[in-house]
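**Student:** Since the structure of chain A is already known, use the hints to place chain B on it.
Here is how the chains run, residue by residue.
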Amino acid sequence: MALVELRGVCKSFRKGGETITPLDNIDLDIEAGEFVSLMGPSGTGKSTLLNLVSGIDRPESGTIIVDGTEVTKLSRSKLADWRAANLGYIFQTHNLIPVLTAYENIELPTLLLKLSSSQRRKRVELALEAVGLRDRADHYPRQLSGGQEQRVGIARAIVAYPKVVVADEPTGSLDTVTSEQVLVLLQRLNRELGITILMVTHDSDAASIASRQLLLDRGKFMEPAAGVGR
Amino acid sequence: MTTYVLKTLWRHRTRTLLTVSGSAVAMFVFCFVGSVQEGLHRLTTGADADRSLIVFQENRFCPTTSRLPEDYALKIMEVQGVRDVMPIQVWTNNCRASLDIVVFNGADPAKIQKSRPIKLTDGNWQSFASQQNAAIVGRNIANRRGLKTGDQFSIGDISVKVAGVFASTVPSEENLIYTSLAFLQYTRGLDAAGLVTQHEVLLTQDADPDRVAGEIDATLRAGSVATKTRRKGAFQTSTLSDLVDLIGFAHWLGFACVGLVLSLVATTTVMSVQDRMKEYAVLQTIGVRPLTTMRLVLTESTLLCLVGGISGTLVALASLSFGGFAIGAEGATIAFRPTIGLALSGIFVSLIVGIAAGLAPAIQAATVPIVNALRQT
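The listed protein sequences derive, respectively, from chains A and B. Sequence positions in the first sequence follow our numbering and run 39 to 268. Sequence positions in the second sequence follow our numbering and run 75 to 451.
Chain A with its partners taken away, still in its complex shape (with noise of 0.2 Å):
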């Protein structure tokens, strides 16, 4: 059985009076341990698609299971607590929490979970070291570079140790020398950690470093994603 199955899945909504379908009757399934890049070309459903997966959307209709929890059908708030300990969200633009220090932004997954403080800490300070940002700890985002603002996104969506980690085009809003980094950071955490990863990209370099590349085009799939049973 698959990580994550979407079976039938379809999306759409309103604008001006027109009903656009980004997605319709989407299939996937993605294994433990893969490394996924959606590509496609701007309102195609990406990120919409990524939101579905993530709990915070919700399909018209369709299954979306995720390590054998439905999310489809659950409530709001129990999908936060489902987010909380399955699922890594990088936001394209950080997102970061601006009154918190890199180290209180990387612990706020961990405060969700029943964990001690010493566990807090311990988690929090490998996150940091996985990307490399030990020394910026104490340091505001607005003391940050974009990159590293970046990598303490990174941190944030792994420190609760998820069953998956969405990425909303990471390296969108960065230079490519950071981009590069960033990705490396990503293919690294996805090969030593084992980290499901669904990366949302324009950027065809940036899909290459996945295992699996999928092109999302008018709400379906084309070749030559091969998004079911691979």
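It should be emphasised that the hints constitute simulated quantities derived from the structure, not laboratory data. Keep in mind that a hint or two might mislead.
[Claimed, not checked] Only pairs whose alpha carbons sit at most 25 Å apart, straight line, appear in this in silico PhoX-like list of lysine-lysine:
1. K116/A / K201/A
2. K81/B / K160/A
3. K193/B / K235/B
4. K188/B / K149/B
5. K152/A / K81/B
6. K302/B / K149/B
7. K352/B / K116/A
8. K352/B / K302/B
9. K53/A / K352/B
10. K81/B / K352/B
11. K193/B / K222/B
12. K185/B / K149/B
[To be verified] Example chain B residues on the side facing chain A (calculated, C-beta under 10 Å, incomplete):
13. L80
14. R85
15. K352
16. G361
17. A440
For each residue, glycine too, the CB sits at the ideal point set by N, CA and C.
**Tutor:** Relative to chain A, chain B alone:
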């Protein structure tokens, strides 16, 4: 999460400071209004107000116009249910409402010591009883006028030597100055030898105050001056009737203060939450529950309100403690006192208002459409 709330408040410290100081000022006024109302309540209720009677000249209100024969006390003593009678000559510097009223009560020192709920904190009874022009001064008026034992105090035609300062369990007593009855009767201008302003009647335990009051008036009807006898509480209410109406109206001012804090804190919290809708969406994406999000906002608004409210309440209590404020009219005074009840009501109101002010923005933050909010730049 507490760190997040505190740091968020600190991030907009000017806004926080303005809101806290606004709440503090409003709660300061709220407590002051509350203390006036408590003072009036204390004056018109309780054992002293219910179990003693005041015999006053009929159809007279200001103490300077009530002139009863001193020997009425003997007739009053004969009425069944009367335990003791204390003839009192009252002198006040102002018959109208005033914040700096000085009221002298002239009575037999032995009776004052026996029947009034007062305790000397300085000086001694002996020197008060033995000197004609000696006076004992209530703690509040001593603070207000800077009087201490041994001082000579003059006001109008009266000049007394302070023989002691007293405290009382009845706050309004602490705004009085007691002298001997004869001293006040012979004061220039009063011309009251053999006359008193009022008789204070103490009742036996089982006596019905209204029945005794009726009997006293009936007994004295044949005398040279007709009387009106009432419970002390009712007498004070009638004496202070103008102020009572004003104080009754002032409770609206208290409500207005609560409303002011509510709208101030609600506005600040709404602004703060609307600025940070994306932040709440991020928190919920990370896994913070909607209910926890609500709690974060409520903690923020409650903290704003509590810090402001507690500060305002403490400053009000300190002012009431050290200011010795009182308002009086026609010889009766209402003491403004800090009380535990006042402190608790200040804190309780701040807490409730803080929660109420945060409710709407808290719901807004908890139900933020996550995807839309994350798209905000």
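**Student:** What are the numbers of the hints the structure violates, in ascending order?
**Tutor:** 8
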